[in-house]
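Visitor: Here is what each chain is made of, one letter per residue.
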Amino acid sequence: MNITLHVWRQKDANDPGAMEVYTAKDVSADSSFLEMLDMVNEDLAQKGIDPIHFDHDCREGICGMCSLVINGVPHGPQAATTACQLHMRSFKDGDAIYIEPFRARAFPVLKDTIVDRTAFDRIMQAGGFISVNTGGAPDANAIPIPKTAADKAMDAAACIGCGACVAACKNGSAMLFVGAKVTQFANLPQGQSEKAARAKAMVAQMDLEGFGNCSNYSECEAVCPKEIKVEVIARMNREFLGATVKSSS
Amino acid sequence: MSSITLDSKVPSGPLAEKWDKHRFDMKLVNPANKRKYTVIVVGSGLAGGAAAASLAELGYNVKCFCFQDSPRRAHSIAAQGGINAAKNYQNDGDSVFRLFYDTIKGGDFRSREANVYRLAQVSVNIIDQCVAQGVPFAREYGGLLDNRSFGGAQVSRTFYARGQTGQQLLLGAYSALSRQIGLGNVEMYPRTEMLDLVLIDGHAKGIVVRDLITGEISSHAGDAVALGTGGYGRVFYLSTNAMGCNVTAAYRAHKRGALFANPCYTQIHPTCIPVAGEHQSKLTLMSESLRNDGRVWAPKKKGDNRPANQIPEDERDYYLERKYPSFGNLAPRDISSRSAKEACDDGRGVGEFGRGVYLDFSDAINRLGKNLIKERYGNLFDMYERITAENPYEVPMRIYPASHYTMGGLWVDYNLMSNLPGLHVIGEANFSDHGANRLGASALMQGLADGYFVLPYTIADYLARVGAQNISTDRQEFKDAEQQAREKTQKLLSINGSRTAESFHRELGHIVWENCGMARNETGLKKALQMIPELREQFWRDLKVAGVENSLNQSLESAGRVADFMEFAELLCQDALHREESCGGHFREEYQTDEGEAVRNDDKFTYVAAWEHTGYGKTAELHKEKLEFENVKLATRSYK
Amino acid sequence: MSSTPTTSPAQSPSSATFISASIGKKVLMAFSGIVALSFVVGHMLGNLQIFLGQERLNAYGESLQSLGAGLWVIRISLLLFFALHIWMGVKLKAENLKARPVRYKFNETVKASISSRTMIWSGTTILAFFVYHILHFTARTTDPRFLQLPLDMAGNYDIYSMIILGFENPVNAAVYIIAVGLLCTHISHGIYSMFQSLGLTSPSCNKTLHRFAHAVALILFLGFSAVPVGVITGALKLPKNPPSNNHLQSAQSLEPISIESGGES
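Residue numbers (my numbering), protein chains in the order written: chain A, 1 to 249; chain B, 1 to 640; chain C, 1 to 265.
Check each hint, because a few of them may be wrong.
[Stated by the list, open to error] No more than 27 Å apart at the CA atoms, straight line, and that leaves these computed lysine-lysine pairs for DSSO-like:
1) 170/A with 93/C
2) 170/A with 240/C
3) 47/A with 618/B
4) 370/B with 302/B
5) 488/B with 47/A
6) 527/B with 618/B
7) 18/B with 11/A
8) 147/A with 170/A
9) 207/C with 147/A
10) 147/A with 105/B
11) 300/B with 255/B
12) 488/B with 374/B
13) 618/B with 488/B
14) 170/A with 237/C
15) 374/B with 147/A
16) 105/C with 246/A
[Said to hold, decoys possible] Now the stretches of chain A that chain C is said to cover, found in silico as 3 or more residues with beta-carbon under 8 Å:
17) 21-28
18) 41-55
19) 80-91
20) 178-190
21) 198-207
22) 221-231
Source of the hints: derived by calculation from the structure; they are not laboratory data.
Glycine included, each C-beta is placed from N, C-alpha and C at the ideal position.
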C-alpha cells in the first residue's frame with residue numbers, strides 16, 4: 001500500500017519546527033508502523049536527507065521508549081498497543097497519516113518526534129520507591145500478601161512510563177503515571193510506612209515539572225498501552241488527601 | 001605475543017564455603033572512606049542498575065550511564081518468563097546444590113563451578129530483596145509466593161510477575177537507583193553512550209562518552225569501571241534484543257585489552273514469531289512458558305501446504321515429544337531450537353517462508369478450557385495476534401528460533417573483574433555463569449546477583465587495594481581517547497558513500513546467522529570469515545551517515561555500533577571455528593551423533609576461550625582458562 | 001557511617017502547600033462543587049413547588065425571606081463558595097493551558113466526553129446566565145411588571161405570577177432551558193469528577209458512578225425545565241382570580257433585591 005505521511009520535523013529544541021510531507025511506497029501490511037518509518041528513513045538517507053528521528057528500542061511494547069502521536073492519538077489507533085506494536089494492517093492504501101511528537105510543556109521536543117521525558121524520572125526520584133537498602137531484607141514469604149492486593153499492585157505496576165497519558169491529556173497531566181506508582185505501593189504492606197510521604201513528594205515534584213491538572217477526561221486511560229485505569233488517580237488523590245489531613249492534625 | 005595469565009581467583013576450600021570464605025578474605029573499604037571513591041557504572045539494566053544503587057547505598061560516589069532516555073528502559077525489561085531462586089518454597093526437592101547442578105549441566109559443563117555455585121547461593125537473597133522493594137510477584141490465594149516450573153527444570157523454582165517479570169525486577173532496581181539519584185549519591189547520565197575505556201597505568205580509570213543529544217564527546221574519571229552493557233545478540237541483526245542493544249562498550253573495552261571470552265556461545269530462543277518479510281527489524285519472543293501447555297509439531301510430509309487444522313493427527317510430527325520423551329516440549333532451548341531448524345531444513349517448515357513450526361494449544365484448550373489458557377497466556381496470545389493477525393485460540397501459533405541471549409562476554413575472574421584491573425563486567429556482558437547455554441529464568445537471576453550481591457563486595461577488594469586516586473580527566477590518556485573517539489565519529493560522517501549503516505547491519509546479520517547461527521560448520525565459518533572483512537571494508541568505503549556530529553543523530557549512533565559489530569562478528573566466527581566440538585548454543589555439525597545430538601570434546605575443550613585483541617583486522621590471540629570440575633562429573637547432557 | 005543516611009520521601013525538600021498542589025486545587029473544586037450542587041438541588045426542589053399552587057410557592061418564598069440576616073449569611077457563603085469554585089476553575093484552566101502550549105495538528109479525542117471538555121465554557125455560560133437570572137427574578141430589574149405585582153391572598157410577594165410572566169416570553173424560556181442544559185452537562189461531569197478528586201471511586205463502582213452522575217444531571221434538567229415547559233405549554237397559568245383589593249399593595253414597597261429566596265425559578 002502507499003501512504004502519505006505528514007511528519008513533524010524539528011532540528012533541535014530551539015527550532016520552531018513544521019510538518020513535512022513524505023510518501024511511503026509499497027508498504028507491506030505485515031510490517032510494523034516503525035518498520036514503515038525505517039523504510040521511509042532508508043529512502044531519505046539515500047537522498048542525503050536527515051532521517052525522521054523517533055525514539056524506539058525494544059519494539060515489543062514493553063520498554064516504553066516509542067512516543068509517536070499518530071493521527072492525534074498517542075501510539076495510534078489500536079487500543080492497548082504501543083506504536084512499535086502497531087502494524088500497517090491498521091491502515092489502508094492511500095491513507096494520510098499524521099505523525100507528531102508527544103506534546104506537553106514538561107516533555108520538550110529534542111528533535112523531530114523525540115521528546116525529553118526525564119521529568120518522569122525526577123518524579124520517581126522524589127518518592128517512587130520503597131526505602132530499603134540492598135541486603136537485610138526479610139524472607140520473601142515472611143509477609144504474606146493477599147493475592148488480590150498483589151494483583152492490584154501488579155495492575156498498576158504494569159506502567160511502562162511511556163508518557164502517552166501525558167500526551168493524550170488535553171492538560172498535559174501526569175496523574176495516571178504518578179497514580180500508578182502510588183497505587184502499586186499503596187496496595188502492598190511494604191509500601192505502607194511511607195505512603196503518605198510518597199504521595200506528597202511525588203505530587204509536589206509532578207507539579208514542579210509543569211504537568212497540568214487532572215480534569216478527569218479519562219483520555220489517559222483510553223490511550224494507555226497497558227490499560228492502567230483512572231482509578232489509580234482516585235487512589236492517589238485519596239492518599240494525598242489522607243497525607244495532608246494526617247500531617248496537619 | 002602477550003604474557004596474560006588467566007587467574008580465575010577462585011577461592012580454595014569446599015564449594016559451599018568458597019563465597020563465605022572469600023567475603024571474609026577480601027579487603028573492605030572503611031565506611032568513612034567510601035565517599036572518596038567514584039565508581040563508573042555503564043548500563044542501567046538489572047546488573048548495572050542494581051550495582052549502581054547498591055554501591056551508592058554503601059556510600060560510594062556513583063556515576064551511571066545509559067544510552068536510553070531513562071534507566072528504566074534497559075532491555076532487561078523485556079524478559080517475560082521469570083527468575084529462578086533455590087528457595088524450595090514448593091517443597092519439591094530444590095536446593096542450592098540442585099540449582100547449581102542444573103545450571104552447570106544446562107550450560108553443558110562449560111562454566112566455572114565456583115561462580116555458578118555462588119549464583120545459586122545468592123539467588124535466594126534476590127527474591128527477598130525484590131519483594132522488599134515492592135516487586136509484585138505472583139502469589140497464591142494464601143498470600144505466599146507462587147512458583148512455576150520453567151525452561152526444562154524439574155522443580156518449580158521460578159518466580160514471576162505475570163509475563164512481565166523482567167519489567168518488574170528492573171523497575172525494582174530502577175526504584176532503588178532513583179532513590180539514590182534523588183539523594184544525590186548517583187549522578188545519572190541518560191542518553192549517553194560509552195565510546196571508549198580509559199586506562200591509566202593499565203588500570204581502568206574512566207570512560208569517554210558521547211552525549212547523544214548534543215553530540216558532545218567528554219570523559220569521566222573514576223576509581224573503577226563496571227560494565228553492565230548487555231549482550232551482543234544484535235550481531236545477527238534480527239534478534240529479540242532491543243534495537244539499541246550493542247556490543248560497543250564491551251568491544252571497545254576489548255580493544256583496550258580486555259579479553260573476550262567464548263563469543264561463540266549464543267543462545268537461540270526456540271519460541272519466537274517467525275520472520276514475516278524483508279522489512280523486518282526485530283523478532284518478538286513468545287515466553288517459553290508457552291511450552292508448558294503448547295505442543296510443538298511440524299508436518300510429517302515435506303512441503304505440506306495445507307492449513308494446520310486440515311493436517312490430520314497422524315500426519316503431524318510432534319518431534320520434541322518423539323525425540324525427548326522425558327522432557328518433551330520442555331526440552332532446553334538449544335535442543336528445541338535446533339530441532340525446529342532440522343524440521344525446516346528438512347523441508348517441513350510452515351508459513352510463507354517455510355521457516356516455522358507449530359506451537360499448538362488445541363489439546364490444552366480441550367483439556368483445560370479456553371478460559372484457563374486465556375488466564376495463563378492471554379497477554380501472549382494477544383501479542384501474537386497483534387503481530388501476525390492470526391488468532392492462536394483458533395489456529396496453532398507459528399514459531400521459529402531467534403537470537404536471544406549471549407552467554408559469551410568479557411572475561412572476568414571470580415571477583416567479576418576482567419584482566420584489566422579496575423574493569424568489572426556484570427550481567428550478560430560478562431561470560432561467567434551460563435557456560436555454553438543458559439537455562440530459562442536464569443538471566444535475571446545472574447544480572448541481579450552480580451549487581452546486588454557480588455560486585456558491591458568484590459569491587460571493595462579492588463578499591464581497597466589500589467586506594468582512592470582522584471584522577472583528573474585532564475590527563476593525557478583522556479585527551480587522547482577523546483580525540484580518537486572524535487576522529488572515529490568524523491570518519492563515519494565523512495565517508496559519504498551510498499549505503500546506510502542499517503543496510504550493512506542487515507547484510508552482516510545475514511552472513512552471521514547463516515554461517516554462525518544455530519548450527520555451524522567449518523566451511524560456513526571459513527566463508528563467513530572471508531565475507532565479514534570484505535563487508536567491513538565496503539562499510540568503511542561506502543557508508544552514508546546523514547546529519548551532523550553535534551546534534552542528536554540516530555544514523556551516527558547506529559553507524560558507530562554497526563562498525564563494532566563488523567569487527568566483533570569476525571571474532572565470533574573465529575571462536576566458533578576454533579571450538580571443534582558441539583556444546584550448548586554452539587553446535588558444530590561435524591560433531592554430532594548419528595541421531596543428531598551434540599558431541600562435546602571434553603579432553604580438548606574444557607576451557608574458556610578468552611581472546612585478546614591484536615589490532616584491527618588481525619586474528620585475535622587465544623588464551624585459555626582451564627575449567628576444573630571438582631564437584632560434578634562431566635556427563636553427556638541427555639534430556640531423553 | 002555505615003551507609004548513606006536513609007531518607008524517606010517525606011524529607012524531600014519540595015513539599016508544596018495544599019492549595020498550590022494540583023490535587024489540592026481539585027479537592028477545593030470538588031468541595032465547592034458539592035456546595036453548589038446542594039444549592040442547585042435545593043433550588044430545584046423549591047421551584048417544583050410551583051406545581052403545588054400559587055399559595056404554596058409564595059409561602060415558601062416568604063419562609064426564606066423570613067430568615068432575615070440568616071438568609072444573608074447563606075447567600076454570602078454561597079457566593080464565597082461559587083467564587084472559590086470559579087477561582088479554582090480559572091486557575092486550573094490557566095495552568096492547564098500552560099501545560100500544553102503546543103496543540104496537535106491532527107486533533108483527536110478518544111474518550112473524553114463533550115461535557116468534560118467544555119467545563120470552562122459551560123461554567124462561564126452558567127455564570128453569565130446566573131447574573132442575568134438574579135437580575136431577572138431576584139433583583140427583578142429586567143422586567144418592570146415584576147415590581148407591580150399585587151401581593152397574594154396571604155400577603156406574600158407573588159412569586160408564582162412572576163415566574164409565569166417571566167416564562168411566557170418564549171425567548172426567556174428557551175434561554176433558561178439552554179442554560180439549565182449546560183448546567184446539567186457541567187454537573188454530569190462534575191459529580192463524577194467530585195468523587196474522583198476526593199478519591200472515592202474504585203474500579204468496581206466506576207461505571208455505577210458514571211450512571212449516577214448522568215442520572216442526577218438528567219433529573220435536575222427535567223426538574224428545572226419542567227417550570228418553563230409548564231408555562232409555555234399552558235400547564236401553569238396565571239391565577240384566574242386576582243388578589244382582592246385590600247391586599248393590593250405595590251411590590252415596590254418590598255425590598256427590591258432579594259437574591260435566591262424570592263426568585264426560585
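Visitor: Next, verify each hint and record whether it holds.
Guide: Hints, verified against the model:
1. 170/A with 93/C: holds (11 Å)
2. 170/A with 240/C: Violated, at about 56 Å.
3. 47/A with 618/B: violated (35 Å)
4. 370/B with 302/B: Between residue 370/B and residue 302/B the Cα gap is close to 31 Å, so the pair fails against 27 Å, i.e. violated.
5. 488/B with 47/A: Holds, at about 23 Å.
6. 527/B with 618/B: Since the Cα atoms of residue 527/B and residue 618/B sit roughly 17 Å apart, the hinted pair holds (cutoff 27 Å).
7. 18/B with 11/A: violated (57 Å)
8. 147/A with 170/A: violated (36 Å)
9. 207/C with 147/A: Satisfied, since the Cα-Cα distance of roughly 24 Å is no more than 27 Å.
10. 147/A with 105/B: Not OK: residue 147/A and residue 105/B at ~35 Å, beyond 27 Å, violated.
11. 300/B with 255/B: Not OK: residue 300/B and residue 255/B at ~49 Å, beyond 27 Å, violated.
12. 488/B with 374/B: violated (52 Å)
13. 618/B with 488/B: holds (19 Å)
14. 170/A with 237/C: violated (48 Å)
15. 374/B with 147/A: holds (19 Å)
16. 105/C with 246/A: Status violated; Cα separation ~45 Å.
17. 21-28: n = 0 at 8 Å, threshold three: violated.
18. 41-55: violated (count 0)
19. 80-91: Result for this restraint: violated, n = 0.
20. 178-190: Answer violated; 0 residues pass the 8 Å Cβ test.
21. 198-207: Since three or more residues must qualify, the claim that chain C covers the stretch 198-207 of chain A holds, with 9 doing so at under 8 Å.
22. 221-231: Contact hint for the stretch 221-231 of chain A vs chain C: holds, 6 residues under 8 Å.
In this structure, the earlier hints numbered 2, 3, 4, 7, 8, 10, 11, 12, 14, 16, 17, 18, 19 and 20 are contradicted, and the remaining ones agree with it.
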